[in-house]
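Given next are the chains, with one letter for each unit.
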Amino acid sequence: MTSPLPSVEPAETAERLDVVNDFSIQVATVNGSGSQTANLVLLRSIFQMGVPVSGKNLFPSNIAGLPTWYTIRANHRGYVSRKKEIDFLVAMNAETAREDVLSLEPGRAVVYDEPLKLDALRSDLVFYPVPFDKIVAAVCPDAKLRRLVKNMIYDGILAHLLSIDLKEMEIALGRQLGKKPKAMQLNMGALEAGAKHAAEHLGKRDPYRLERMDQTTGQILVDGNAAAAMGCMFAGVTVVAWYPITPSSSLPETLIDYMRKYRMDKETGKATFAIVQAEDEIAALGMVLGATWAGARAMTSTSGPGISLMSEFAGLAYYSEVPAVVFDIQRIGPSTGLPTRTSQGDLLFVALHSHGDTRHVMLLPASVQECYEMSMEAFDLAERLQTIIYVMSDLDLGMNTWMSEPFTYPDKPMDRGKVLDEAKVRELGASWGRYKDVDGDGIAWRSLPGTGAPAYFTRGSGHNEVAQYTERPDDYVRNLDRLARKYDTARTMVPRPIVQGADDTDARVGIIGFGSSHWAIEEARDQLREESGLRTAYLRLRAYPFTPEVDDFIRRYDRIYVVEQNRDAQMLSLLLMDGEAQFAARLRSVLHYNGLPIDARSITDEILQQEPS
Amino acid sequence: MSTETPSTGKRLNRIGLDVSSYRGSKTTLCAGCGHNAITERIIDAFFEMGVDPKRVLKLSGIGCSSKSPAYFLNPSHGFNSVHGRMPSVATGAMLANSGMLAIGVSGDGDTGAIGIGQFVHLMRRNLPLIYIIEDNGCYGLTKGQFSPTADLGSKAKNGVVNELPAIDTCALAIELGASLVARSFSGDKKQLLSVLKTAIAHRGTSMIDVISPCVTFNDHDGSTKSYSYVKDHDEPLGEISFIPYFENIEVEYEPGSTTAVQMHDGSKLYLRKVAEDYNPSDKIAALRLLHETARRGEFATGIIYIEPDKDDFIDTLNLVDEPLALLPQDKVRPGKAVLDEIMESLR
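Same order as they appear, the protein sequences are chains R and D. Using the numbering used here, read the first sequence as starting at 107 and increasing by one per residue. Using the numbering used here, read the second sequence as starting at 19 and increasing by one per residue.
Any given hint could be a false lead.
Stated by the list, open to error - Straight-line alpha carbon distances no greater than 30 Å define the calculated DSSO-like cross-link-like pairs of lysine-lysine that follow:
1) R:LYS524 with D:LYS354
2) R:LYS367 with D:LYS44
3) R:LYS542 with D:LYS354
4) R:LYS367 with R:LYS286
5) D:LYS44 with R:LYS372
6) R:LYS376 with D:LYS173
7) R:LYS376 with D:LYS349
8) R:LYS223 with R:LYS310
9) D:LYS28 with R:LYS376
10) R:LYS223 with R:LYS302
11) R:LYS372 with D:LYS349
12) R:LYS285 with R:LYS250
13) R:LYS542 with D:LYS328
14) R:LYS250 with R:LYS190
15) D:LYS28 with R:LYS367
16) D:LYS354 with R:LYS376
17) D:LYS301 with D:LYS354
18) R:LYS372 with R:LYS273
19) R:LYS285 with R:LYS310
20) R:LYS518 with D:LYS354
21) R:LYS372 with D:LYS28
22) R:LYS367 with D:LYS328
23) R:LYS240 with R:LYS190
Don't read these hints as lab results, they were simulated from the structure.
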């Protein structure tokens with residue numbers, strides 16, 4: 107692969123090129139060293155300058171001591187997926203510094219802790235040695251705090267080198283530290299000392315700098331888990347049961363914060379919700395099903411290992427037709443796998459979650475905005491369809507910081523689905539059966555305990571239309587066929603895919619993608635068109651089961667690349683399973699499964715390699 | 019419902035229902051199964067206490083025991099859930115509608131083996147729930163394997179000897195925080211009825227271990243849960259009299275021989291003592307009793323432990339009085355100003 111930057115002597119770089127608002131910064135540090143504040147200040151400062159920005163935390167499964175990297179990407183065109191190449195390295199971790207430096211493309215810049223002597227490693231990079239210990243000692247008298255405050259010094263150094271106004275950093279710091287004047291003063295001192303040191307000792311020799319733009323006006327910065335938590339609160343969730351697991355925990359934890367603040371009953375001061383940290387994921391889903399069976403809006407949030415434990419209950423929910431919303435913030439698993447690395451590896455498992463004939467509905471958010479909106483949609487669909495709705499997020503979307511347009515307030519009332527009320531009881535009378543399809547959509551009317559509506563006995567698959575136990579073959583088949591009908595109804599209700607480039611009649615190549623891969627796919631499409639003249643159309647899946655648009659799209663193009671973040675082409679497998687067989691040969695895979703968020707360059711390279719020349 | 023015009027001549031309870039409103043479908047368990055006797059007592063207790071069946075939730079796990087909710091209280095909503103996981107389903111249901119009265123039926127395998135984790139955490143939470151273990155020391159539906167309450171040294175029909183000590187679910191429940199713990203015997207109509215009535219009046223987890231001999235797999239000489247063994251080794255803690263709050267009967271009990279416990283709803287529980295110093299509100303005494311009787315190969319039966327005023331899980335979570343399930347949209351969807359405020363904080 108050729109670098110967009112020529113390999114030149116570092117001293118000449120600045121004169122030859124000026125790279126404005128289009129580069130990535132990587133801060134390499136040690137887990138638990140308190141660098142998160144400094145990294146978010148840096149991210150937010152760039153955001154405040156109106157420059158599109160994204161931040162990704164590449165962290166180990168560890169509390170303290172293992173290497174961690176935070177990457178920030180600024181891009182004037184609005185690209186927010188991970189950039190494969192690192193342009194500006196801040197090497198704070200002695201353990202990884204050597205490898206971090208050796209992996210850089212020529213011409214890149216390195217800020218490093220002076221004693222690491224990294225400049226001896228290569229002659230084709232721009233090195234900025236910084237005596238961090240000396241600078242921090244001068245501004246932080248308390249030796250115990252120095253490790254934390256040191257991080258703010260690299261922010262100060264970068265402020266000078268990348269042309270970030272210290273005022274912006276002060277504002278960003280204020281948002282992080284809020285009303286802690288002492289901490290504020292200490293950190294500002296470090297910021298200023300870093301900037302001063304850079305101004306006095308580090309002559310600018312790299313090409314990267316920031317300039318103000320107006321591309322972030324009115325936008326917000328948020329992670330997908332917080333966005334989903336908001337969605338749950340505005341969806342009117344009342345019962346939440348969960349078990350801690352990375353990368354899901356921050357969803358219920360943020361939800362707890364929001365609910366305590368905004369969902370206490372004003373008159374009584376009591377909670378309009380119950381949030382329970384369960385003993386495991388089995389119990390979490392069990393509580394959710396008990397709650398929804400009794401009429402509450404309930405959800406749980408987990409990741410792959412939790413999904414594994416929930417399998418039996420998932421089957422029961424499918425057959426007893428009890429609603430639920432389950433968030434799967436996907437990661438690599440199982441158990442001692444890579445719990446802090448992103449993946450889209452649960453698709454097949456969740457689509458068919460549990461044993462026997464089961465089919466589930468998955469929503470596939472690609473943005474923080476969709477995390478918010480699909481959370482609300484999930485509750486409506488769950489109650490309408492009386493089944494589990496899985497919201498398939500992932501670590502990249504859920505835990506990393508994304509820019510977004512502000513979220514809009516729901517304009518539809520809650521859809522509580524087919525629940526018997528007095529009028530319906532009178533209408534249906536003695537003909538009511540809990541599992542009787544009176545409307546032809548496969549969805550029967552359910553009754554809630556404690557409402558005076560007629561009762562029924564809930565159990566697994568062994569029941570007839572009036573919820574009596576049966577093992578008769580014809581009853582069983584009738585029930586299964588109705589459930590299949592219900593699944594077809596789901597197909598008409600789930601979010602439709604979004605197609606881009608459909609009006610480009612010259613495009614012979616289609617791309618199918620979903621979820622957090624979306625941002626890298628958009629960028630890859632530009633790369634393919636601009637660098638190689640390859641025009642593509644793009645369908646972004648937003649739900650499973652697939653809607654008719656998917657087959658229409660596949661029919662229209664010669665080759666369709668299905669981009670996904672797993673090894674076994676799981677989404678492609680679902681497309682083959684559900685789609686029209688004669689088009690199977692058109693489908694190809696672009697797979698990314700190294701645990702890092704997918705990047706555009708990898709997609710572009712892979713598609714070009716598979717394209718006939 | 020036909021209950022509005024009950025046939026004449028039938029005994030009605032205080033809410034005007036006859037006992038047929040408390041019955042369920044026909045049992046499919048073996049003839050003579052202890053579980054059927056427990057079902058009968060559940061029907062009697064709910065009928066005599068005048069509980070509205072529409073306000074009752076019936077839940078169970080998997081196993082012979084867990085089939086039984088289909089055999090009582092037909093007008094109540096029931097949920098036959100997953101093996102060993104009834105506690106979580108019951109927890110969710112009660113959080114959704116805390117105004118209900120929930121009864122969960124489990125077995126010794128469903129509780130002590132596959133469900134021990136959920137059992138433990140249910141007891142910790144003191145969820146308002148009557149939790150009944152129909153305890154026969156074996157797996158019936160899968161044909162007679164030992165369960166974790168099978169006694170050490172007891173012998174199965176095929177000659178296999180149980181070499182592991184039994185779990186005492188009562189001791190465990192007391193230790194973990196259940197606020198009413200009782201043990202009874204499916205064949206002791208009077209005691210079991212009183213225990214069940216007490217549990218209906220109690221607010222919190224009522225854990226009732228009911229020894230219920232399995233007539234097919236575990237009612238033989240080698241079994242410590244056979245009818246004959248239990249009859250010979252049952253040590254009642256004393257006669258239990260339960261007086262519901264709506265029956266304002268003056269009962270004369272000799273001071274010194276009787277302990278009176280005031281229940282949460284105003285009912286009164288009288289325990290006529292066998293052991294002079296036994297106090298059912300003393301946790302340590304309760305545990306000592308269980309261990310001492312077990313050492314003698316006996317079962318202490320009756321109300322073993324009770325703590326009527328302990329906070330239940332609904333109190334702990336500080337829930338609004340209305341059922342969460344039935345809160346209207348304006349109570350559960352904050353206004354636009356809240357979203358605006360959150361958006362502002364993220365800019």
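Hint check:
With a C-alpha separation of about 27 Å, the suggested pair LYS524 (chain R) and LYS354 (chain D) falls inside the 30 Å cut-off, and the hint holds. For the hint linking LYS367 (chain R) to LYS44 (chain D), the alpha-carbon distance of about 51 Å lies beyond 30 Å, and the restraint is violated. With a C-alpha separation of about 39 Å, the suggested pairing of LYS542 (chain R) with LYS354 (chain D) is violated against the 30 Å cut-off. For the suggested pair LYS367 (chain R) and LYS286 (chain R), the alpha carbons sit about 21 Å apart, so the restraint of at most 30 Å is met.
This hinted pair does not check out: LYS44 (chain D) and LYS372 (chain R) have alpha carbons roughly 49 Å apart, beyond 30 Å. Restraint check for LYS376 (chain R) and LYS173 (chain D): not satisfied, since their Cα atoms lie roughly 54 Å apart, outside the 30 Å limit. In summary, the hint linking LYS376 (chain R) to LYS349 (chain D) is supported, as the alpha carbons are separated by about 12 Å, within the 30 Å threshold. Among the hinted pairs, LYS223 (chain R) with LYS310 (chain R) is consistent with the structure: their alpha-carbon atoms are about 19 Å apart, no more than 30 Å.
The straight-line distance between the Cα atoms of LYS28 (chain D) and LYS376 (chain R) is roughly 44 Å, outside the 30 Å bound, and the hint therefore fails. Using a Cα cut-off of 30 Å, the hinted pair LYS223 (chain R) and LYS302 (chain R) holds, with the two alpha carbons roughly 22 Å apart. Distance restraint check for LYS372 (chain R) and LYS349 (chain D): the Cα-Cα separation of roughly 9 Å lies within the 30 Å cut-off, and the hinted pair is therefore satisfied. Proximity of LYS285 (chain R) to LYS250 (chain R) is assessed by CA-CA distance (about 22 Å); at most 30 Å being required, the pair is judged to hold.
For the hint linking LYS542 (chain R) to LYS328 (chain D), the alpha-carbon distance of about 44 Å lies beyond 30 Å, and the restraint is violated. With a C-alpha separation of about 36 Å, the suggested pairing of LYS250 (chain R) with LYS190 (chain R) is violated against the 30 Å cut-off. Taking the CA atoms of LYS28 (chain D) and LYS367 (chain R), the gap is near 55 Å; set against the 30 Å cutoff, the hint is violated. In summary, the hint linking LYS354 (chain D) to LYS376 (chain R) is supported, as the alpha carbons are separated by about 21 Å, within the 30 Å threshold.
Distance check on the hinted pair: LYS301 (chain D) and LYS354 (chain D) sit about 51 Å apart at the alpha-carbon level, beyond 30 Å; violated. Of the pairs offered as hints, the one joining LYS372 (chain R) and LYS273 (chain R) is violated, with about 40 Å between alpha carbons and a cut-off of 30 Å exceeded. For the given pair, LYS285 (chain R) sits about 35 Å from LYS310 (chain R) by alpha-carbon distance, which is inconsistent with the 30 Å threshold. Our distance criterion of 30 Å between C-alpha atoms is met by LYS518 (chain R) and LYS354 (chain D), whose separation comes to about 13 Å.
For the suggested pair LYS372 (chain R) and LYS28 (chain D), the alpha carbons sit about 49 Å apart, so the restraint of at most 30 Å is broken. Pair hint LYS367 (chain R) plus LYS328 (chain D) holds up; C-alpha atoms about 28 Å apart against a cutoff of 30 Å. Distance restraint check for LYS240 (chain R) and LYS190 (chain R): the Cα-Cα separation of roughly 33 Å exceeds the 30 Å cut-off, and the hinted pair is therefore not satisfied.
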